[in-house]
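Engineer: Using the sequences plus the hints, can you model the full thing?
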Amino acid sequence: MDHWIQFWPRTAAVNGEVVNALYIAELAVCGLILMTVVGLMFSFCVRYRAGSTASRANLTEKTWHWEIGWTTATLVLLLIGFVWGAAVYIWLYKSPLGDLEVYVVGKQWMWKMEHPGGQREIDALHVPVDKTVRLLLASQDVIHSFFIPAFRIKHDAVPGQYETVWFKATKPGTYLIECSEFCGTEHAHMKGEVVVMEPAAFALWLRDQGVRESLAQEGEALFREHGCSGCHGENSTVHAPSLVGVYGGIVHLQDGSAVRADERYLRDCILLPRTFTVAGYPPVMPDFSGQLGEDDLVKLIAYIKSLAR
Amino acid sequence: MATITAGLPTSYVTSENTISSWLLTKDHKRIALLFFASITFFFFIGGIAATLIRMHLATPEGLLQPDIYNRMFTMHGIVMVWFFLIPSIPTTLGNFIIPLAIGAHDLAFPRINLASWYVFNLSGLVLLYALIMGGIDTGWTFYTPYSTLFANGYVIAATLAVFINGFSSIMTGLNFVVTIHRLRAPGMTWMRLPLFVWGIYSVSLVMLLATPVLAMTVLLVAMERFMGVGIFDPARGGDPLLFQHMFWFYSHPAVYIMILPAMGVVSELITCYVRRPIFGYTGMTYALMSIAIISFFVWGHHMFTAGISIYSAVVFSLMTFFVAVPSAIKVFNWTASLHKGSITFDAPMLYALGFVLLFTIGGLTGLIVATVALDVHLQDTYFVIAHFHYIMVGGTVSAFFGGLHYWWPKITGRLYPEMWARMAALLTFVGFNLTFFPQFILGYLGMPRRYYAYPPEWQAWNVLSSAGASILAVAYILPLGYLGWSLLRGERAAPNPWRATGLEWQTSSPPPKHNFERTPVVTAGPYLYDPEDGGFIAQNGAVNA
Ligand SMILES: [Cu+2]
Ligand SMILES: [Cu+2]
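If you read the sequences in order, they're chains A and B.
Position 239 of the first sequence, counting from 1, maps to 239 under this note's numbering, and the rest follow consecutively.
Position 290 of the second sequence, counting from 1, maps to 599 under this note's numbering, and the rest follow consecutively.
Hint data in this document are derived by calculation from the structure and do not stem from the laboratory.
Because the structure is a prediction, the values reported are computed rather than measured.
Quick reminder that beta carbons are idealized off the backbone N, C-alpha and C, glycines included.
Possibly wrong hints are sitting among the right ones.
Unchecked claim - Chain B is faced by these chain A residues, among others (derived, beta-carbon under 7 angstroms):
#1 TRP4
#2 ILE5
#3 LEU22
#4 VAL37
#5 ARG56
#6 TRP70
#7 THR71
#8 THR74
#9 LEU75
#10 GLY81
#11 LYS154
#12 GLU163
#13 SER180
#14 PHE182
Unchecked claim - Covered, in the sense of this in silico footprint (three residues per stretch, anywhere, with C-beta under 8 angstroms from a C-beta of chain A), are these stretches of chain B:
#15 547 to 553
#16 617 to 626
#17 641 to 647
#18 685 to 695
#19 748 to 755
#20 761 to 767
Structural biologist: Okay, here's the thing in structure tokens:
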């Protein structure tokens with residue numbers, strides 16, 4: 001940080017190393033193409049300047065074999081770049097099951113992080129090194145974009161839906177978190193830092209937060225408060241599905257479609273029960289949109305997820 | 310204006326001289342000049358915003374208030390995109406030259422042409438209203454739900470301005486399409502059209518097809534903001550990403566609206582100063598048309614990190630890579646056109662060479678951001694800013710200035726001072742690179758766009774960029790001075806000072822009101838230059854004249 005000029009960003013995650021390799025390869029190819037074009041232009045400009053003695057006889061007339069030649073050459077080069085890029089992208093964005101899951105809620109102009117153990121942070125994210133960390137991104141208001149340059153990962157946080165992104169940090173240290181989607185006056189200060197720690201130090205940190213209840217436990221309380229348990233509880237008389245073991249399974253909906261019950265699905269069930277009605281059940285589940293903030297949703301979902309079969 | 314050309318045979322400038330003969334003119338040449346006045350005005354408004362932005366970013370904490378800064382980049386974007394870049398080449402050089410180049414007496418619909426100018430100015434007034442009342446801070450992209458529910462500022466006025474502006478685009482596009490289909494002089498077959506005409510033709514199709522979608526999109530934004538219809542608001546069951554799909558469905562093609570005419574201009578300049586036929590004319594026309602078509606299928610590349618499905622992102626990436634093929638063909642063909650030429654380096658040629666280099670860099674970095682995995686890191690950073698400025702400013706604006714110098718004698722009847730013009734061309738190139746190249750580095754370092762403040766370790770690159778911007782400012786103001794001077798004092802131009810082949814050079818400079826004494830008959834393809842003896846055959850068959 002004390003260098004007055006920076007040429008290359010720090011790289012502190014496996015994601016970053018993979019992206020670097022691809023970037024360097026593409027820079028090299030682009031540099032080569034640019035040099036070829038510049039070299040040809042320059043030499044032609046010198047050789048064929050007006051008044052030079054170079055011969056202009058036999059202008060190339062049949063041009064198509066040249067054109068087909070360089071069209072195919074570019075196409076092949078491009079396809080390599082495309083395939084490589086696509087493969088890395090799928091790897092970057094297909095979120096694996098994390099060793100650790102953290103909920104990230106963006107709101108004008110801060111990032112709120114919630115750990116499964118109930119630890120909360122604002123504009124800071126403590127994570128252990130060498131562990132896959134899966135982030136669930138949500139937004140309370142406008143679109144934000146969660147960006148950690150040193151990890152080369154970014155994903156928009158879009159109001160009304162959950163997005164996931166993951167990383168595996170490789171070097172302990174402190175790295176910048178930014179918001180990269182314009183979100184209003186203080187967009188430039190919607191920043192934070194990831195603190196990558198050795199696992200032991202991380203465990204200590206978790207313990208020192210003085211948290212009594214985990215997210216799921218808080219969710220359970222909300223589940224009762226909002227009357228969810230009245231219908232979904234074990235002794236309920238309403239014909240409502242049990243939520244035990246829903247998460248991760250396949251659910252068949254009224255309209256005949258089948259969906260995987262991930263966080264996004266659970267969220268939609270709570271906020272848009274009419275659009276996501278489970279097959280074989282009456283559409284009596286009340287619509288909770290407007291009643292539950294992103295924070296409460298996060299807790300409820302953490303609770304439902306904890307109801308493993 | 311009257312005094313300038315006094316003593317010449319009556320031209321379109323001198324034929325009538327009342328104010329209403331200008332404001333109610335149906336002459337495409339005069340309308341072109343009216344458009345010139347309007348877009349020059351907006352270029353300087355957008356330029357002032359750009360100057361403030363670069364001054365602000367010279368230090369990490371800047372000098373403007375955050376809200377002011379946010380209004381500045383928004384104004385810069387809206388003004389430059391819709392009020393300068395998109396109309397720039399079509400409404401001025403296109404308006405003036407296309408009828409001349411195809412041997413027509415005017416555009417197909419002279420009244421619609423004039424109406425387009427009025428509509429353009431109306432939209433400009435609405436925008437100025439929004440600006441003066443306090444501006445807006447949504448960015449030129451108007452992303453929802455920020456623009457609809459959160460932004461304070463004159464969003465409705467600004468979207469209305471963009472909405473109205475679209476009609477001007479549509480009218481102009483329609484006019485060119487019909488003109489090029491119907492009014493070509495006898496013998497001017499499609500495969501004899503100069504590439505500038507092809508460029509304008511392809512861009513007009515895109516304008517016609519894409520602009521209505523923009524109009525719908527901004528109208529929905531205004532409605533949602535004003536009446537609370539829930540199209541984009543997730544709380545009402547809307548979808549904020551729907552906005553992005555609709556917006557980029559127009560705004561990606563819009564990038565090509567800016568670059569296609571520029572490609573046409575540059576093809577004219579290069580052949581003339583290299584004095585040989587363009588390399589691969591047919592390939593060039595196919596390339597223009599395929600860029601125009603593919604441009605409609607790549608909008609998703611603006612949304613790789615927005616939460617669209619992974620697989621659709623991959624398909625959009627593939628389509629984007631395909632655009633690179635015709636673009637590469639163009640670059641290779643321009644380069645090959647230098648081979649065995651007899652090259653002089655007049656200012657228009659310097660601008661054209663600058664265009665090819667900057668467009669190449671813009672195109673290559675476009676491949677980098679089209680690579681989905683790299684875009685995850687680069688999306689919404691300065692890398693993207695640098696990339697599209699290379700295309701839109703390095704490319705389009707260079708071509709615009711090149712074309713302006715090239716056709717200046719035809720438009721005004723005067724020659725511009727060559728040494729000054731060469732200097733401006735060189736300064737443009739140097740200033741441009743110094744301004745925008747550091748931004749590629751800032752982008753990979755991770756500096757997001759639209760940041761009014763940034764960490765101090767990024768200052769060095771920002772200072773360089775701001776220094777470059779001041780050079781660029783000089784390069785853009787300089788022509789205003791010496792071109793203005795040449796209007797009064799410049800040497801009188803002959804009908805064909807560059808010994809070029811286009812039909813526009815086969816009439817006097819400036820042209821008479823109805824363009825040609827007699828409708829020309831075309832007997833030759835474009836670009837019949839002979840590098841061995843410097844001779845040429847104009848499209849009407851005239852040899853060396
Ligand atoms: Cu932001
Ligand atoms: Cu695009």
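Engineer: Would you mind marking each hint as holding or not holding in the structure?
Structural biologist: Results of checking the hints against the structure:
1. TRP4: With a closest approach of 6 angstroms, the A:TRP4 hint holds.
2. ILE5: A:ILE5 check passes; min Cβ-Cβ to chain B is 4 angstroms, inside 7 angstroms.
3. LEU22: Where the cut-off is 7 angstroms and the nearest Cβ of chain B is about 6 angstroms from A:LEU22, the hint holds.
4. VAL37: Status holds, d = 5 angstroms.
5. ARG56: With Cβ-Cβ at 4 angstroms, under 7 angstroms, it holds.
6. TRP70: Holds, because the Cβ-Cβ distance from A:TRP70 to chain B comes to roughly 5 angstroms (cut-off 7 angstroms).
7. THR71: holds (6 angstroms)
8. THR74: holds (4 angstroms)
9. LEU75: Holds. Min distance 6 angstroms.
10. GLY81: holds (6 angstroms)
11. LYS154: holds (5 angstroms)
12. GLU163: With Cβ-Cβ at 5 angstroms, under 7 angstroms, it holds.
13. SER180: Since chain B brings a Cβ to about 4 angstroms from A:SER180, closer than 7 angstroms, the hint holds.
14. PHE182: holds (4 angstroms)
15. 547 to 553: Since three or more residues must qualify, the claim that chain A covers the region 547 to 553 of chain B holds, with 3 doing so at under 8 angstroms.
16. 617 to 626: Three-residue rule met by the region 617 to 626 of chain B, so holds; n is 4.
17. 641 to 647: This one holds; 5 residues, not fewer than the three required, reach chain A with a Cβ under 8 angstroms.
18. 685 to 695: holds (count 5)
19. 748 to 755: As far as the region 748 to 755 of chain B goes, the hint holds, because 4 residues have Cβ atoms under 8 angstroms from chain A.
20. 761 to 767: holds (count 6)
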